[in-house]
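From first to last, the protein sequence lines stand for chains A and B.
Going by numbering that gives the first Met the number 0, the letters in the first sequence line up with residues 0 to 355, in that order.
Going by numbering that gives the first Met the number 0, the letters in the second sequence line up with residues 0 to 68, in that order.
If you are wondering where the hints come from, they were derived from the structure by calculation, not from laboratory data.
None of these values were measured; they are calculated from a predicted model.
Using N, Cα and C, we set each Cβ at its ideal position, and we do this for glycine too.
Some hints here could point you the wrong way.
In the SDA-like style, the derived pairs of lysine to any residue whose C-alpha atoms are separated by at most 20 Å in a straight line are [what the hints assert, rightly or not]:
(1) LYS2/B to SER299/A
(2) LYS1/B to ALA334/A
(3) LYS2/B to PHE321/A
(4) LYS346/A to THR242/A
(5) LYS1/B to PRO249/A
(6) LYS2/B to MET301/A
(7) LYS34/B to THR46/B
(8) LYS34/B to PRO246/A
(9) LYS350/A to LEU283/A
(10) LYS1/B to SER299/A
(11) LYS1/B to LYS350/A
(12) LYS34/B to MET301/A
Cβ-to-Cβ under 10 Å is the rule here; a few derived chain A residues that face chain B [claimed, not checked]:
(13) LEU15
(14) LEU19
(15) GLY287
(16) SER297
(17) ALA310
(18) LEU320
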Amino acid sequence: MTDINRQRFLSELAKLLSCLREEDRQRAMAAYTALFDQADDEQALLMALNSPMVQAVQVARVYNSGEGEAADGDGIPPYLQAIYDIGIAALSEQPIQGQTDDGQFSLFDEGSEAAQASDRQFYVPQNGDAAVSDAPIPADVPTAADTASPEADGMGELAEAADMAPEESVTALAGSEEPAVAEAAPSAAPAAEAARTEEQTLDKKVSDFLNNFTLNTDEADALPPDTPSKLASAPRRITVDKTLRKPRVPLLILYLLLAVPLTLAGIVVLLAPTVLSLAAGVLLGATGVLGFISVFSSFSLMCDMLVAAGASMALVALGLLFLWLFIWLIAGAIAGLVRTVVDLGGKWCYKEVPAE
Amino acid sequence: MKKTWRFVITLVLILVLLGGIAIGVGFLTGSSLEKVYNGLAGSPVFTFINTMIGYWNQLIDWLNPYLPV
């Protein structure tokens, strides 16, 4: 199981790292292989690495920012440095607990408790908290630069090991493991503790988000066909309404007996101004339009035409106002009254009970 | 609904303003109610208004219970 998962992880990662130059991709894969070779518990390492996609994103991000060139003078390209940091963090921290559902496919479906940090033989450099360099480090904690020289941090050895074959890299690193661990442990412990706390907080946030995240089947089906396989294979949790609305029958009957006559009375009361508004709107509008037409046939003087046209426009305006009032009474007042009564009935006369 | 209200009120106010300006200019340039009334006599609007007034009277008569049979 372990070999299969490791092979699957590496093969998936090799595909995902195709954005790197071939030479750099091979070096990155050699570094990851070295990580696996140096890990006592591969399941724990797999859990800590999370997924090939996550690793590929991290490496690609660093690679794109640094274009694979060595950032500092020690000859280690930034993306390789990032891989070492990831590996150090993965092997020096507690294993991350699985965040997948029982029915969901996971690379880490068993053996999650196997890894113990105290048993690790992986080389930890003196700046062992470099992998969590984003975490705030207390000012009073001595950093790696205070306690060790660049030559002694062992990172160069790890870089060379990455360039070697996996078997060679294990051999090369074997001789320098324990002294470095002994030197790094006292100075890095508080910072690593702070970083671990922050990482646990972050993990909790991610876990909460994943627990609350649901992807409806309709939404999942609506994904375009060229959606990346990871997104397309995202867990489909069907959101199910787990409550049922059950009527309170006596209350519902009582409400109907009261609400129906009152609603009808309200509609009748509202219908009177509605009909009057319609009649007034139609009459005023028709009068205004006819008056405007008559202006050009009944008058010869401009002053009389202006007075008649002005009066017609005012009548049209009033007719328009009454017509709009009619529409508002129908669509707003009467429909609103009915909607309010129905909503109140649903609110008062129904209760929500948990589904079986 | 709120935006439609605003649009309708704006339109009505514009029409009333234009009508008021036209009426004011007409009266200031020599028109009068008598001339306008005489001019509208026999026009479609006059006929329409007379017809409506006739319908209104019939309605009042129909609703009045004290009319002699």
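Status of each hint after checking the structure:
1. Pair hint LYS2/B plus SER299/A does not hold up; C-alpha atoms about 41 Å apart against a cutoff of 20 Å.
2. Note on LYS1/B and ALA334/A: the hinted pairing holds, with a Cα-Cα distance of about 16 Å set against a maximum of 20 Å.
3. Distance hint between LYS2/B and PHE321/A is fulfilled; the C-alpha atoms sit about 17 Å from each other, no more than 20 Å.
4. Of the supplied pair hints, the one linking LYS346/A and THR242/A holds, its CA atoms being roughly 15 Å apart against a limit of 20 Å.
5. At most 20 Å may separate the alpha-carbon atoms for a hinted pair to count; LYS1/B and PRO249/A exceed this at roughly 40 Å.
6. Our distance criterion of 20 Å between C-alpha atoms is broken by LYS2/B and MET301/A, whose separation comes to about 38 Å.
7. For a cut-off of 20 Å, the pair hint linking LYS34/B to THR46/B stands: about 17 Å separates their Cα positions.
8. Between LYS34/B and PRO246/A, the direct Cα distance comes to roughly 71 Å. Violation of the 20 Å bound is thereby established for this hinted pair.
9. For a cut-off of 20 Å, the pair hint linking LYS350/A to LEU283/A is broken: about 51 Å separates their Cα positions.
10. Between LYS1/B and SER299/A the alpha-carbon distance is near 43 Å, which puts this suggested pair outside the 20 Å criterion.
11. With a CA separation close to 34 Å, the supplied pair LYS1/B and LYS350/A exceeds the 20 Å bound.
12. Distance hint between LYS34/B and MET301/A is fulfilled; the C-alpha atoms sit about 12 Å from each other, no more than 20 Å.
13. For LEU15/A, the interface hint is violated, since its Cβ never comes within 10 Å of a Cβ in chain B; the closest pair sits about 51 Å apart.
14. Taking 10 Å as the C-beta contact cut-off toward chain B, the hint placing LEU19/A at the interface is violated, the least distance being around 55 Å.
15. With a least beta-carbon distance of about 9 Å to chain B, the hint placing GLY287/A at the interface is held under the 10 Å criterion.
16. Annotation: interface hint on SER297/A holds; nearest CB of chain B at approximately 5 Å, less than 10 Å.
17. Contact between ALA310/A and chain B, as hinted, is supported at the beta carbon level, the nearest pair being about 6 Å apart and thus within 10 Å.
18. Taking 10 Å as the C-beta cut-off, the interface hint given for LEU320/A holds, the closest approach to chain B being about 5 Å.
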